[in-house]
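Number of protein chains: 4
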Amino acid sequence: MTYQSLREECYEANMQLPKLGLVLFTFGNVSAVDRSQAVFAIKPSGVPYEFLKLEDIVIMDYDAKVVDGKMRPSSDTKTHAQLYKNWEGIGGITHTHSTYAVAWSQAGLDIPIFGTTHADHTHQDIPCAPVLTDEMIEGDYEFETGNQIFNCFADKGLSYKEMEMVLLQNHGPFTWGKTAEKSVYSAAVLEEVARMAYLTLQINPNTPRIKDTLRLKHYERKHGKNAYYGQGC
Amino acid sequence: MTYQSLREECYEANMQLPKLGLVLFTFGNVSAVDRSQAVFAIKPSGVPYEFLKLEDIVIMDYDAKVVDGKMRPSSDTKTHAQLYKNWEGIGGITHTHSTYAVAWSQAGLDIPIFGTTHADHTHQDIPCAPVLTDEMIEGDYEFETGNQIFNCFADKGLSYKEMEMVLLQNHGPFTWGKTAEKSVYSAAVLEEVARMAYLTLQINPNTPRIKDTLRLKHYERKHGKNAYYGQGC
Amino acid sequence: MTYQSLREECYEANMQLPKLGLVLFTFGNVSAVDRSQAVFAIKPSGVPYEFLKLEDIVIMDYDAKVVDGKMRPSSDTKTHAQLYKNWEGIGGITHTHSTYAVAWSQAGLDIPIFGTTHADHTHQDIPCAPVLTDEMIEGDYEFETGNQIFNCFADKGLSYKEMEMVLLQNHGPFTWGKTAEKSVYSAAVLEEVARMAYLTLQINPNTPRIKDTLRLKHYERKHGKNAYYGQGC
Amino acid sequence: MTYQSLREECYEANMQLPKLGLVLFTFGNVSAVDRSQAVFAIKPSGVPYEFLKLEDIVIMDYDAKVVDGKMRPSSDTKTHAQLYKNWEGIGGITHTHSTYAVAWSQAGLDIPIFGTTHADHTHQDIPCAPVLTDEMIEGDYEFETGNQIFNCFADKGLSYKEMEMVLLQNHGPFTWGKTAEKSVYSAAVLEEVARMAYLTLQINPNTPRIKDTLRLKHYERKHGKNAYYGQGC
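Protein chains in written order, with the UniProt record's numbering: chain A, 1 to 233; chain B, 1 to 233; chain C, 1 to 233; chain D, 1 to 233.
Because the hints were derived from the structure by calculation, they are not lab data.
Any given hint could turn out to be false.
Taking CB as the label site, the calculated pair distances span [to be verified]:
| id | chain 1 | residue 1 | chain 2 | residue 2 | range |
| --- | --- | --- | --- | --- | --- |
| 1 | B | 223 | D | 209 | 48 to 56 Å |
| 2 | B | 61 | D | 205 | 34 to 42 Å |
| 3 | B | 223 | C | 208 | 14 to 22 Å |
| 4 | C | 37 | D | 159 | 21 to 29 Å |
| 5 | C | 55 | A | 18 | 53 to 61 Å |
| 6 | B | 61 | A | 18 | 35 to 43 Å |
| 7 | B | 5 | A | 18 | 46 to 54 Å |
| 8 | D | 159 | A | 147 | 44 to 52 Å |
| 9 | A | 130 | D | 159 | 51 to 59 Å |
| 10 | B | 209 | A | 140 | 48 to 56 Å |
| 11 | C | 37 | B | 48 | 25 to 33 Å |
| 12 | D | 226 | C | 65 | 29 to 37 Å |
| 13 | B | 62 | A | 130 | 34 to 42 Å |
| 14 | B | 156 | A | 140 | 52 to 60 Å |
Cβ coordinates follow ideal geometry from the N, Cα and C atoms, glycine included.
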């Protein structure tokens with residue numbers, strides 16, 4: 001099989017979604033990129049995880065054209081392609097309809113940074129990109145979804161290297177990382193942070209954000225140049 | 001065994017309910033229809049899923065008379081019969097007391113359409129049929145439950161082909177589809193959409209509905225004549 | 001082993017609690033009575049379910065004196081004894097600290113009857129017995145807990161045959177039934193009904209109770225003299 | 001292997017965290033102390049539970065210097081060291097980011113004592129230590145986290161023997177006990193009590209605390225000199 005190791009990376013990452021409780025039926029997809037060949041592997045559209053096979057994974061180029069594979073790729077493929085094309089540093093992308101992340105998306109609100117669980121992963125609010133304009137929706141919708149993520153990051157001055165997650169208003173989350181596996185990790189962290197922020201505001205609707213020193217302390221101890229979290233590898 | 005394949009379809013679909021977390025004890029039932037013979041198969045009343053056997057499944061006609069089987073059918077059988085008799089396009093029906101769908105039923109409210117998870121499956125609010133009149137309740141209750149679903153769909157101008165789910169006020173959900181399996185799928189989607197809508201309103205009680213262009217875009221990309229979701233089969 | 005079948009009934013019913021998600025660690029106990037010998041079997045105090053053995057079950061009389069067994073019985077034993085002594089029709093009792101039932105107990109409120117899931121099991125609000133007086137607490141506390149349940153049922157005009165569950169304010173639920181197994185069933189139903197009522201009021205804080213005709217219809221179709229739910233055995 | 005039994009106690013206790021649903025990925029750590037040798041064993045930093053091996057456990061002294069082991073210890077190690085150094089009666093410490101405990105931490109509120117589930121374990125509100133000062137955060141952060149716990153206990157007049165849990169504002173819980181296993185037990189109890197208190201206030205925002213007689217009755221029957229809960233061993 002051509003692109004076997006890329007397909008394997010994509011397949012393994014996709015199979016993490018049901019294990020982590022992030023998907024119902026087929027409501028999610030993960031892709032993995034091979035930068036040396038400028039292609040990415042993605043889940044086929046509408047195939048239940050329990051029936052997904054390695055050879056079903058579809059290989060695409062950055063313009064969302066099929067390079068290899070017999071099945072139709074995820075209907076969200078153009079969004080993945082746009083992100084790979086414009087953000088050279090990412091190696092994998094995950095899209096889910098996980099419950100709490102979707103609830104914040106539907107509410108149309110950024111997730112405020114309330115604690116160190118959030119700050120361990122990013123030091124800013126998790127952005128909710130505004131709903132697409134009618135022109136974007138009626139045009140090349142999934143391609144424009146990628147563009148709306150760029151618009152949001154430009155408007156808020158965010159870097160995709162420091163903020164590896166976004167909500168699309170009325171839709172749900174996209175997350176990414178240096179590998180497909182890490183993009184799934186980000187999807188699980190986002191869902192948990194979304195749940196914690198929800199509960200926090202139910203307990204105290206006037207909860208202020210975490211203060212700057214603590215927010216940056218936790219981000220830096222894990223991601224800064226003098227980071228001391230983990231095994232340094 | 002007569003009606004074996006119909007019983008099997010019904011049995012398999014019923015056994016999905018506990019796996020999907022949609023039932024506690026015996027609080028649910030699924031039926032499957034054979035249009036060529038004008039009969040449907042349904043779960044027997046009050047039998048726990050762990051003890052349910054293929055031969056326990058009861059075969060009924062559209063007037064809710066037993067055609068084959070030794071056990072008493074589900075107490076909700078007349079509602080199923082009414083739906084099969086009047087809606088020729090459906091092949092299976094599911095009734096559950098799943099938690100979030102029941103909560104909306106008890107609150108007596110339609111589930112507003114807030115996002116694409118909802119719009120991927122139907123492009124309108126999920127209706128809550130008003131509680132039955134005293135005459136209906138004290139008359140042929142389960143038969144009238146079916147009629148109340150028709151009343152609700154007529155009042156709101158809904159099509160059972162585009163809206164495959166309904167809530168009964170103070171009771172719970174009924175869902176349907178082209179097969180019994182698809183009616184179970186609809187029951188699981190409804191429960192998740194009900195949960196997401198609940199959380200959305202807890203986060204932002206003034207959340208507006210999803211706008212028309214996005215609502216229709218998602219419905220059409222999965223169900224329209226130019227649908228491109230799934231493998232086209 | 002003496003009292004072997006009674007111990008088995010008690011043991012099996014206790015082991016259902018963790019399977020149904022109704023207990024954390026040792027926070028629950030089930031007892032089973034043998035009316036012919038005027039004794040009941042109960043879980044020993046503080047023994048984790050994973051280590052519980054058949055021979056650990058303790059046999060007690062209705063005055064809460066040990067009849068057989070080497071271990072110390074549940075600290076709630078006198079409450080069980082009081083219920084068996086005064087309510088001759090019950091065969092088993094379950095006490096848990098299940099999450100939603102405890103939340104209602106802590107809030108000190110009866111659980112309003114909002115839907116048919118509730119009405120299928122009892123046609124009235126689930127009562128919350130007021131917190132015990134200081135004299136009762138500082139006296140024979142667990143014995144008086146039984147008495148407070150009787151006080152509550154007397155004040156509200158309830159019958160233990162039609163209402164097989166109660167909340168103790170600031171504490172948690174007790175449930176009962178014709179067998180130990182059925183008392184566990186009632187504990188699971190109570191937890192689910194408590195959760196549904198909670199969610200219903202979060203969605204619509206002004207939700208009215210289910211109307212009388214529907215409430216009685218569902219109770220009667222399952223428990224009335226012309227009941228047609230289940231297999232009639 | 002040196003310190004084998006200490007490593008085993010630490011390893012076994014750590015492995016309880018995912019089983020009890022208290023951690024996502026690596027968001028938690030447990031330590032176990034050997035008072036006779038004045039060392040403690042702790043989880044290495046950033047190692048997923050599924051890959052954790054006995055020999056990965058790191059042995060530290062009370063000044064948070066590595067005594068034995070090849071891996072980098074948990075980034076929270078200095079907080080553990082401070083607690084062991086100052087509180088001689090504790091044998092194990094657990095830190096998690098469990099969902100409901102974090103929500104209360106983020107809201108910055110003590111968990112009020114509403115019922116007997118709480119009072120069975122401690123007879124006071126569970127304290128939330130205020131967020132550290134900027135000087136503490138920018139200084140020796142994890143060491144100062146331990147100090148902030150002492151400040152909180154001093155301010156509120158609490159004893160670590162009667163209150164085996166604390167929340168750190170904007171962060172999450174630390175719990176302890178006579179053994180590592182008991183500190184994990186406390187972490188699970190805290191999460192459940194936090195969830196129950198949350199639900200209680202959602203049902204009735206004006207819920208008063210449990211009254212003194214009942215609060216002390218339950219604490220004493222389990223922890224007092226005349227305790228009669230458990231098997232007395």
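Hint check results:
1. B/223 - D/209: 48 to 56 Å: holds, 54 Å
2. B/61 - D/205: 34 to 42 Å: violated, 54 Å
3. B/223 - C/208: 14 to 22 Å: violated, 37 Å
4. C/37 - D/159: 21 to 29 Å: Between residue 37 of chain C and residue 159 of chain D, where Cβ atoms are some 48 Å apart, the hint is violated.
5. C/55 - A/18: 53 to 61 Å: At 42 Å between Cβs, range violated.
6. B/61 - A/18: 35 to 43 Å: holds, 40 Å
7. B/5 - A/18: 46 to 54 Å: Cβ of residue 5 of chain B to Cβ of residue 18 of chain A: about 29 Å, so the range 46 to 54 Å is violated.
8. D/159 - A/147: 44 to 52 Å: 59 Å Cβ-Cβ, so the 44 to 52 Å window is violated.
9. A/130 - D/159: 51 to 59 Å: Because 53 Å falls inside the window, the suggested range holds.
10. B/209 - A/140: 48 to 56 Å: For residue 209 of chain B and residue 140 of chain A the Cβ distance comes to about 25 Å; the hint is violated.
11. C/37 - B/48: 25 to 33 Å: holds, 30 Å
12. D/226 - C/65: 29 to 37 Å: Once the Cβ atoms are compared, 19 Å apart, the range 29 to 37 Å for residue 65 of chain C and residue 226 of chain D is violated.
13. B/62 - A/130: 34 to 42 Å: violated, 50 Å
14. B/156 - A/140: 52 to 60 Å: violated, 34 Å
Figure legend: structure checked against the earlier numbered hints; hints not met, in rising order: 2, 3, 4, 5, 7, 8, 10, 12, 13, 14.
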